[in-house]
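*Asks:* Build out the structure end to end from the sequences listed, making use of the hints.
In order, the protein sequences belong to chains E and X. Counting from 1, position 342 in the first sequence corresponds to residue 342 in this note's numbering; the numbering is continuous, with no gaps. Counting from 1, position 191 in the second sequence corresponds to residue 191 in this note's numbering; the numbering is continuous, with no gaps.
Quick caveat, the hints were computed from the structure, so don't treat them as lab data. The structure presented is a predicted model; accordingly, all values stated were derived computationally and were not measured. Wrong hints could be hidden among the right ones.
Any copy, or any two copies together, can satisfy a pair, since identical chains are not distinguished.
To be verified - With a cut-off of at most 27 Å between alpha-carbon atoms, the simulated BS3-like pairs for lysine-lysine come out as follows:
#1 K355 to K33
#2 K355 to K308
#3 K33 to K126
#4 K270 to K415
#5 K437 to K33
#6 K12 to K437
#7 K415 to K355
#8 K437 to K270
Protein chains: 2
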Amino acid sequence: MRLSRYFLPVLKETPAEAQIVSHRLMLRAGMIKQSSAGIYSWLPLGYRVLRRIEQIVHEEQQRAGHIPMLMPTLQSADLWRESGRYDAFGPEMLRITDRHDREMLYGPTNEELITDIVRANVGSYKQLPLTLYHIQWKFRDEVRPRFGVMRGREFLMKDGYNFDLTREDALHAYNRHLVSYLRTYERMGLQAIPMRADSGAMGGDDTHEFLVLAETGESEVFYDAEVTELSFGDREIDYDDVAECAGVMEEFTSRYARTDETHDAALFEKVPEERRRTARGIEVGQIFYFGTKYSDALGATVQGPDGKPTALHMGSHGIGVSRLLGAIIEASHDDKGIIWPEGVTPFRVGIVNLKQGDSATDSACDGIYAQCVAEGLDPLYDDTKERAGGKFATMDLIGLPWRITVGPRGLAAGKVELTSRRSGESVEMAPEEAIAKLREIYASHP
Amino acid sequence: MRLSRYFLPVLKETPAEAQIVSHRLMLRAGMIKQSSAGIYSWLPLGYRVLRRIEQIVHEEQQRAGHIPMLMPTLQSADLWRESGRYDAFGPEMLRITDRHDREMLYGPTNEELITDIVRANVGSYKQLPLTLYHIQWKFRDEVRPRFGVMRGREFLMKDGYNFDLTREDALHAYNRHLVSYLRTYERMGLQAIPMRADSGAMGGDDTHEFLVLAETGESEVFYDAEVTELSFGDREIDYDDVAECAGVMEEFTSRYARTDETHDAALFEKVPEERRRTARGIEVGQIFYFGTKYSDALGATVQGPDGKPTALHMGSHGIGVSRLLGAIIEASHDDKGIIWPEGVTPFRVGIVNLKQGDSATDSACDGIYAQCVAEGLDPLYDDTKERAGGKFATMDLIGLPWRITVGPRGLAAGKVELTSRRSGESVEMAPEEAIAKLREIYASHP
Numbered sequence: 001m002r003l004s005r006y007f008l009p010v011l012k013e014t015p016a017e018a019q020i021v022s023h024r025l026m027l028r029a030g031m032i033k034q035s036s037a038g039i040y041s042w043l044p045l046g047y048r049v050l051r052r053i054e055q056i057v058h059e060e061q062q063r064a065g066h067i068p069m070l071m072p073t074l075q076s077a078d079l080w081r082e083s084g085r086y087d088a089f090g091p092e093m094l095r096i097t098d099r100h101d102r103e104m105l106y107g108p109t110n111e112e113l114i115t116d117i118v119r120a121n122v123g124s125y126k127q128l129p130l131t132l133y134h135i136q137w138k139f140r141d142e143v144r145p146r147f148g149v150m151r152g153r154e155f156l157m158k159d160g161y162n163f164d165l166t167r168e169d170a171l172h173a174y175n176r177h178l179v180s181y182l183r184t185y186e187r188m189g190l191q192a193i194p195m196r197a198d199s200g201a202m203g204g205d206d207t208h209e210f211l212v213l214a215e216t217g218e219s220e221v222f223y224d225a226e227v228t229e230l231s232f233g234d235r236e237i238d239y240d241d242v243a244e245c246a247g248v249m250e251e252f253t254s255r256y257a258r259t260d261e262t263h264d265a266a267l268f269e270k271v272p273e274e275r276r277r278t279a280r281g282i283e284v285g286q287i288f289y290f291g292t293k294y295s296d297a298l299g300a301t302v303q304g305p306d307g308k309p310t311a312l313h314m315g316s317h318g319i320g321v322s323r324l325l326g327a328i329i330e331a332s333h334d335d336k337g338i339i340w341p342e343g344v345t346p347f348r349v350g351i352v353n354l355k356q357g358d359s360a361t362d363s364a365c366d367g368i369y370a371q372c373v374a375e376g377l378d379p380l381y382d383d384t385k386e387r388a389g390g391k392f393a394t395m396d397l398i399g400l401p402w403r404i405t406v407g408p409r410g411l412a413a414g415k416v417e418l419t420s421r422r423s424g425e426s427v428e429m430a431p432e433e434a435i436a437k438l439r440e441i442y443a444s445h446p
Numbered sequence: 001m002r003l004s005r006y007f008l009p010v011l012k013e014t015p016a017e018a019q020i021v022s023h024r025l026m027l028r029a030g031m032i033k034q035s036s037a038g039i040y041s042w043l044p045l046g047y048r049v050l051r052r053i054e055q056i057v058h059e060e061q062q063r064a065g066h067i068p069m070l071m072p073t074l075q076s077a078d079l080w081r082e083s084g085r086y087d088a089f090g091p092e093m094l095r096i097t098d099r100h101d102r103e104m105l106y107g108p109t110n111e112e113l114i115t116d117i118v119r120a121n122v123g124s125y126k127q128l129p130l131t132l133y134h135i136q137w138k139f140r141d142e143v144r145p146r147f148g149v150m151r152g153r154e155f156l157m158k159d160g161y162n163f164d165l166t167r168e169d170a171l172h173a174y175n176r177h178l179v180s181y182l183r184t185y186e187r188m189g190l191q192a193i194p195m196r197a198d199s200g201a202m203g204g205d206d207t208h209e210f211l212v213l214a215e216t217g218e219s220e221v222f223y224d225a226e227v228t229e230l231s232f233g234d235r236e237i238d239y240d241d242v243a244e245c246a247g248v249m250e251e252f253t254s255r256y257a258r259t260d261e262t263h264d265a266a267l268f269e270k271v272p273e274e275r276r277r278t279a280r281g282i283e284v285g286q287i288f289y290f291g292t293k294y295s296d297a298l299g300a301t302v303q304g305p306d307g308k309p310t311a312l313h314m315g316s317h318g319i320g321v322s323r324l325l326g327a328i329i330e331a332s333h334d335d336k337g338i339i340w341p342e343g344v345t346p347f348r349v350g351i352v353n354l355k356q357g358d359s360a361t362d363s364a365c366d367g368i369y370a371q372c373v374a375e376g377l378d379p380l381y382d383d384t385k386e387r388a389g390g391k392f393a394t395m396d397l398i399g400l401p402w403r404i405t406v407g408p409r410g411l412a413a414g415k416v417e418l419t420s421r422r423s424g425e426s427v428e429m430a431p432e433e434a435i436a437k438l439r440e441i442y443a444s445h446p
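*Replies:* Written out as structure tokens, the structure is:
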């Protein structure tokens, strides 16, 4: 993309309404614009990151064997009356009346709707196991929406639902989701720690939240420092292998790690003192096993191997797709702006032309740009008349992890500069070397 | 995808509530399930086609230089009061009151919101031309939603907005959209004819609707038969070339082609009688030029080259993404089911194992399946215990354009069967020949 043809309305001043750094930076970098309280438009740069995150979630869900579909945003109130949650959900549920005075709502989650689909279409245990998921906009009418996309009202969420014949099968689905979530967050450059949590409005016993440590987190968390040393890495896993998935669950959840909701001071005391940590965390996902709560309420049964109707064992599993942008920025920024992890960056490399209008420099930039496009390096080329300082400031603000700087002096020696946004280090090299280096870096970020 | 691990709830019986063939077939093929009047869940097969269509729209919009972003589904009523459309829109607009009694609405379109974004961020003519678009769910509270996704209430639409300094620039944007739409529909295997139409609630003078001819179309259309002989094909076009885009506009719109809204019997009489046609059409898109209507109402001006504030010239351009599934099926089906064009098919090839459980046949199918996956041929492998007749009926119903049939008799001679869904023709060949043939077919459907 050539910046001269893009729409990147960066702001010079820091917006007064933003209390936390991710909100400030998303506004300043021209990623979002508030349209009403807690509701945002995703400007082109923000939309790019949102799509990258969505893409990673899709890939990891499908790798785990989960099936994508899409449920609508508006739901009928009737189903929620069947489950008993219509009144229970309270004023956070946005209730709507249509022109025929039918009661509807903007879905805050989808247990009822997906259970309705499954009860209508799945009659036999032979059709199990089944995990369906979607990525769709949800609405929660927060009293005080704040922190930008971190606690918005209209938000994008991946929610998945497993349907199994037995508790054991459903617990395997639970473990499988935990594994797929670990992979998902790591691909986004995040460490998200699974912590024992409270099930709240969802119901059920087993639940883990995934938390990213950050000063601005809404939850207080307590953990054994050893959990921060774990990483899933690029190990291969067979998602059908019950023992293998259970092993990962054990590895990542056996140490003490809890949110304030479930914190147990006595248990925490047993962690050796030098490893006890208290911090704040941002919730970026949650997995639940809730047994037959919804299938009982909604009559979702299948014929079991014994020919008798059996209630489905279910769980649900969510990733806060839009809030992840905020969480990633909270975890990865500096005074100059955002620092995108390679996995989610809106553009893979920025190209800065130090002397726009100079034909040799322009032509070198055009060549590098074309080469980057051809290699899928998805460049953002600042081909504007802005002076060098302004171009650097914009690139630093929007946080592309790599920058190629092209100027007449370097070109005279056949060199450009490749700069890492994270370390700030610049190295002079031939253009083709810079591209080769980027190719190598991004090989592990498909 | 292995069918045994997929969720494809095909129906044997024809659903009574469906009046038109596309609605019947989408229900029978397990593509959608109604959740409330005019609101549908997209089951996995339907979701796949929806995503394919979205992808083609994205690619063609970006090829034309238009910039993707995303606006929210819910909007504040205030902006619509500024433009004067809040009351004008009538009962089709779904009006919502939030917990703080603020008036909101589920966006039926986005002229107001995009103009608000542009007026806040674009101050100079140097930032033009600019075309922003998004693909987002919309809502129109139809009195009698019907025909499945063809006239639903919650529907997915691509809407794009151009902002230009002058009428001439805006008309170039209009022509550019026409060209990109022609390419878009052709990639989906559709002939969509641009017809002069009425601008309705959008306002403005210039507007063309794109119509797919089909008996079940909601509009009566009148045209010169010559328009059906036009095709854009794979010609290269420079979207920045004003004359080239205007030439395509001229080529595709100079002959008589109008909807009943703008039909002019006297003009139609001038078409030679043997070329006069009356038919029905399904609207799948529309482009508008409406000048400064919204920029005047909302105060969207830029500083012109003369230093004076100048109102932006605008147009908007829509493609009915979710309704396209219905339109494509109306245009492409037979008694047995859907016939997907290669460009939008949910899976590129079906593999039918005639003797599941026979180790040689299973192993041959596994090999073909793995090879298809490796080559991006995105196969659906029916590995269930269903008998052959049932497997064929399902494949015909869901409409994959190509099928590979694998049975012990053929395998003994080193052959499988490759069958075209459209022609019904089957040819015996070696498995590697069948895959080579598919590779060739899909080379022109990236």
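*Asks:* If a hint holds in the structure, say so; if it doesn't, say that too.
*Replies:* Hint-by-hint comparison with the structure:
no.: 1; hint: K355 to K33; result: neither (32 Å within a copy, 58 Å between copies)
no.: 2; hint: K355 to K308; result: neither (77 Å within a copy, 30 Å between copies)
no.: 3; hint: K33 to K126; result: between (48 Å within a copy, 22 Å between copies)
no.: 4; hint: K270 to K415; result: neither (58 Å within a copy, 67 Å between copies)
no.: 5; hint: K437 to K33; result: neither (35 Å within a copy, 49 Å between copies)
no.: 6; hint: K12 to K437; result: neither (32 Å within a copy, 57 Å between copies)
no.: 7; hint: K415 to K355; result: within (15 Å within a copy, 64 Å between copies)
no.: 8; hint: K437 to K270; result: neither (47 Å within a copy, 66 Å between copies)
Violated hints, in rising order: 1, 2, 4, 5, 6, 8; the structure is consistent with all others.
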